[in-house]
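A.B. asks: Build the full structure now, drawing on both the sequences and the hints.
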Amino acid sequence: MNKTDTTSQTPETKTSKENHNESIWQALLVPVLAVVTGLFLGGIVILASGENPINAYGALFTGSFGKPANFIEGISVLFSTGDTAALIKAIYPFTESLVIATPYIFAGLSVALGFRCGLFNIGAEGQFFIGALVSAFVGYSLKGLPMIIHLPIAILAGAAGGALWGMVPGYLKARFGAHEVVNTIMMNWIAFRLSDWLLSGPMKASGFRPVTPNVLASAELPRFFPEPLRFNLGFFIALLVAYFIYWFLFKTTLGFEIRAVGANPDAAKYAGMNIIRNFVLVMALAGALAGLAGSSQVLGVDHWVGQGFSAGYGFDAIAIALLGKSHPAGVVMAALLFGFLRGGATNMQSMAGIPIDIISIIQGLVIVFIAAPGIIRWLYRIRTIKTEETVLTRGWGS
Amino acid sequence: MTQETHIKTAFEKRKQQAYGITLLVTGLIIYLLFGLNTEAGLLTTFGLNLAGTNAIPIDDLIVPAQATVYLMSAIAAFVGAYQLARGVRSTGALLGIVAFTFVVAFLTWAAAGKSFNLTGMLTSSLVRATPIALAALCGVISERSAVINIGIEGIMLIAAQVAVVTATLSQNLYVGLILAILIGGLVAAFHAFLVIRFKVDQVVSGVAINIFGAGMTSFISSRFLQKATDALNNSGTFPIISVPGFSKIPVLGPVLFENNLIVYLTLLLVVVLHVMLFHTPWGLRTRAVGEHPKAADTLGINVYFVRYVNVILGGMITGLGGAYFTIGSVGRFDEIMTAGKGFIGLAAMIFGKWNPIGAFSSSLIFGFADSLQVKLQILRVPIPSEFLLMAPYIVTMIILTGVVGRAIPPAADGQHYEK
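Same order as they appear, the protein sequences are chains Z and Y.
The first sequence begins at 1 in the numbering used here and counts up one residue at a time.
The second sequence begins at 1001 in the numbering used here and counts up one residue at a time.
Bear in mind the hints are in silico, worked out from the structure with no lab data behind them.
Don't take each hint at face value.
Footprint (simulated), chain Z over chain Y, 3 or more residues, beta carbon under 8 Å [said to hold, decoys possible]:
#: 1; region: 1198-1209
#: 2; region: 1361-1369
Taking lysine to any residue and the SDA-like style, the derived pairs with C-alpha atoms no more than 25 Å apart in a straight line are [as the list claims (entries may be wrong)]:
#: 3; chain 1: Y; residue 1: K1375; chain 2: Y; residue 2: L1033
#: 4; chain 1: Y; residue 1: K1353; chain 2: Y; residue 2: A1391
#: 5; chain 1: Y; residue 1: K1013; chain 2: Z; residue 2: F176
#: 6; chain 1: Y; residue 1: K1199; chain 2: Z; residue 2: R383
#: 7; chain 1: Y; residue 1: K1227; chain 2: Z; residue 2: Q349
#: 8; chain 1: Y; residue 1: K1375; chain 2: Z; residue 2: W197
#: 9; chain 1: Z; residue 1: K67; chain 2: Z; residue 2: L229
#: 10; chain 1: Z; residue 1: K325; chain 2: Y; residue 2: F1193
#: 11; chain 1: Y; residue 1: K1419; chain 2: Z; residue 2: K325
#: 12; chain 1: Y; residue 1: K1419; chain 2: Z; residue 2: G374
#: 13; chain 1: Z; residue 1: K204; chain 2: Z; residue 2: Q349
#: 14; chain 1: Z; residue 1: K89; chain 2: Z; residue 2: Q349
#: 15; chain 1: Y; residue 1: K1248; chain 2: Y; residue 2: L1364
Only some residues are given here: those of chain Y computed to face chain Z with a beta carbon under 10 Å [to be verified]:
#: 16; residue: F1212
#: 17; residue: S1218
#: 18; residue: H1274
#: 19; residue: G1340
#: 20; residue: L1346
From the three backbone atoms N, C-alpha and C, an ideal C-beta is built for every residue, glycine too.
C.D. replies: Structure representation (C-alpha cells):
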C-alpha cells in the first residue's frame, strides 16, 4: 500500500503547488464516494436477498485482510516457538488479495491506456485469454531452458499474443473507422471459442479435463512464501509496469501524442500527429498489457489454463480504469481495492451465502457514479468544480 | 474540379477491379475447396418438407452434388470476369451473388450423399434472427434520435430473467411478456436519464448497464433460481400459432406462418417502425433530432423529449427481445444466456444502415449463419464446431469494416446536446 500512496503524489492535472493537496483531495473525493455509495447500494441488494449486510461485509473484510486476532497469534507463536505456520495462515487472505489484484493492475492499465487515446478497449478479456494461452504454451512446450531465459520468453510471448489480439481492432478502427467497442467484443467471443478448441484439442493435457499441461518450473514466476501462499513476483512486475506506463504517458513525446489524440483527434491531426499509427500502437500496447495479465495469472498463480479461466478480469478492468481515472497510480489503487473485494467475496460466499456476482453489481453501480459525477455531487451536495473531462469514446467513429 | 472527378473515377475503377477479382477468387475457391472434394455421382438432397407442419408436401430438391458445385463456381467466375471487363454499378447485387454461390456450393458439398432439410434451416434462421432483429430495431430507433445504446445486452438479460420469473410465478406467459417489455423500457429510461440529464458518455453508460445486468441476473440466478427451479424458473414457452391457410404454402408456410407470438410481433414491429420513422411527423422529428438537433430545436422540437421517448421505446423492444430468450424459446433462465446477441444486433443495425427493414434483413443473415453452424454439426462436417461458432462474430467484424458498403450513422449519433 505504501508504494501506491507515494505514486499517487503525482497529480495528473497541472495545477500550481499551492493547489497541489487540494487537487488530490478533489480527485479522490468522487471515486471514494462512488465506491462507498456502490457498497451501500450493494448492501441494500444483500438485504433484499434476505441476508444481513453487516455480516456479509464482515465476512468480506476478514476474507480480504484476514482476522487481526489470527495475525497477533501468529506473531506470538513465531516469537515463542519460531514456527511460521500460524503467521503464514494469518497473512494468507491478505496475500491472496494481492494475488488477485495483480492481473487487475495489468488489465486496468490496458483499459486506462485505451481511454487516454480515446479508445474503449472492452477486449481485455479476450486479450487476457490469448496472453494466458500463449504463455502456457511457451511455458510447457519449451524444454530444457534455464529460468532466466524461459520465464522472460514466456512472459513476453503472452504480451505479444495479447498485443496481436488488440492490434486487430486497433487497425480496423484506424483504417476503416470500425468501432472498437463492437470489434473488441467480437474478438472476445472469437478468443473464447478459440480457447475452447485449443483446450479440447491441440493444447489439451492427457486426461479427461479440457486443460493445458502444467507449465514447467523454469517458466513459473517465483513465489515468496511456502504453499499454500501464492504471492509471487508478478505483483511487483505489475507495479513496475504501472510506473513504466506512467513514465510513458506523461514523460515521453509518444505518450504526449497519445494523450493529445485522446483529448482532441482533430487538433492532433492538424498538429501533424499520425492518428492511425497512434490508434494501432495504443491498441497493441493495451492488448499487450491485458496479455500480461493473463500471463501473470498462468505463470504465477494457476500454472495451467482451463475453460472459464479468466473469471471476468477484462470486464472488471473497465471499472478499475474508470475508478482510477485512467491514471496509472489511480489504476493501481483501484486494482488493489477490487483485489480485496474479490478476495473477500469468496469468503463472503462461503460464510454468508452471498453469490460472488454481488461484486459485479457493485461494479456496475460504481461505473455509473464515476461516469456521472453529477449524481455523486448531487447526492452529497458537493460544489461543482470545473475540471477538464476526459472524452472517453465518440460515436461510431466514422 | 476536373482533377477531382478524375481521381474519383480512378478510385471507382480500382474498386470495380477489386470486386471482380474477389468474385473470380471466390469461384476458384469454390472449385478447389468443394468441387475437388466432392465425389462424382453423389446426390445432395435438400429437404423441403418439415415434419409436423401443415404445409402441403412437395418433392424434395435432389441435385447431383459435383455438377452443382461446378456450376456455382462457374457462375461466380463468370460474374467476376464480366465485372472485371465491363463493370456493374450495383455492388450489392454482386456481393449477393458471391454469398449465394458460396453458400449453395458449401451446403451441396457438406450434404453430398446425405439429406439436408432446407426448410428446417430457413425456419430456424428466422427464429434465431428474432432476438438479433429486436436488438437491431432498438438500436435503430434510439440512434435515429442520436442516442447510442450499447447496454442492449444487459437489458435483454434483465428482461429475460424478469419474464421467466414473473411468468412462472403468475402461471401466465403474457404477464411475463408485458413485465419484460416494461422493465426493458425502465432500464432504457435510466440510460436516457444518465446520458441526457447527466451527460454521461453514452458508451460508458451502456457498458455499466451491461456489467450491472450480467451481475444482477447472475446474482439472482445463483441465489434464488438455481435452488428453486420449478417454483421460479420454469415457465414453459409461447405455443406455435399456425396462420390458417397461409401455413399450407410449401416452404414459405412453415418458415413464416408457423411461429410463436414473439416472432410475429418482431415481423410486425419491422413494418411499424419503418412506417413510423419515414411516414409520420414523429419519425421526421426523430430523424431531425438525430441529424441536426440544433436545427430541430430551433423549429420548436423538444430534443430531449424526442430522445427520451425513442430510447425508452427502444428499451421496450429490447425487453421483448429479452423475453424471447426465456419464455419465447427455452422456458428457463441461464446465466449470460444472451451470448453477445445484443452486440450482434448492433452490427446488424449498422449493416442495415440504421433502417428497420435493412436491420431486419441483416439480422436474417446472422440468423442464417447461426443456424447453419448448428446444422453443420449434425452433418458432421470436418470443421471443428468452435470455428463454426466463430462465424457470426467474424462476419460482424467484416461488416463493420464497411467493405460491404459504407454505412453512415445519423450525423449527431453519440453526441450530447446542450441548448
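A.B. asks: If a hint holds in the structure, say so; if it doesn't, say that too.
C.D. replies: Verification of the supplied hints:
Only residues whose C-beta sits within less than 8 Å of a C-beta in chain Z count toward coverage, and the region 1198-1209 of chain Y has 11 of them, enough to reach three; the restraint holds. Proximity of the region 1361-1369 of chain Y to chain Z, defined as three or more residues with a beta carbon under 8 Å from a beta carbon of that chain, is not established by the 0 residues found. Using a Cα cut-off of 25 Å, the hinted pair K1375/Y and L1033/Y holds, with the two alpha carbons roughly 20 Å apart. Proposed proximity of K1353/Y and A1391/Y is supported: the alpha carbons are some 21 Å apart, at most 25 Å.
For a cut-off of 25 Å, the pair hint linking K1013/Y to F176/Z stands: about 20 Å separates their Cα positions. Taking the CA atoms of K1199/Y and R383/Z, the gap is about 18 Å. The hint holds against a cut of 25 Å. Between K1227/Y and Q349/Z, the direct Cα distance comes to roughly 15 Å. Compliance with the 25 Å bound is thereby established for this hinted pair. Restraint check: the Cα-Cα separation between K1375/Y and W197/Z comes to about 19 Å, which is no more than 25 Å; the hinted pair holds.
As the CA atoms of K67/Z and L229/Z are separated by approximately 16 Å, the hinted pair is consistent with the 25 Å bound. Among the hinted pairs, K325/Z with F1193/Y is consistent with the structure: their alpha-carbon atoms are about 23 Å apart, no more than 25 Å. As the CA atoms of K1419/Y and K325/Z are separated by approximately 28 Å, the hinted pair breaks the 25 Å bound. Proximity of K1419/Y to G374/Z is assessed by CA-CA distance (about 18 Å); at most 25 Å being required, the pair is judged to hold.
Restraint check: the Cα-Cα separation between K204/Z and Q349/Z comes to about 31 Å, which exceeds 25 Å; the hinted pair is violated. A threshold of 25 Å between alpha carbons decides the hint, and for K89/Z with Q349/Z the separation of about 20 Å falls inside it, so the pair holds. For a cut-off of 25 Å, the pair hint linking K1248/Y to L1364/Y stands: about 23 Å separates their Cα positions. Here the hint on F1212/Y is kept, as its CB sits about 3 Å from the closest CB of chain Z, short of 10 Å.
Residue-level restraint check for S1218/Y holds (minimum Cβ-Cβ distance to chain Z is 4 Å; threshold 10 Å). Because the beta carbon of H1274/Y sits about 22 Å from the nearest beta carbon in chain Z, more than 10 Å, this interface hint is broken. Evaluation of the G1340/Y hint against chain Z yields a held restraint, the C-beta minimum of about 5 Å falling below 10 Å. At about 6 Å, the closest approach between the beta carbon of L1346/Y and any beta carbon in chain Z falls short of 10 Å, and the interface hint on this residue holds.
The structure fails hints 2, 11, 13 and 18 (numbered hints given earlier, in ascending order).
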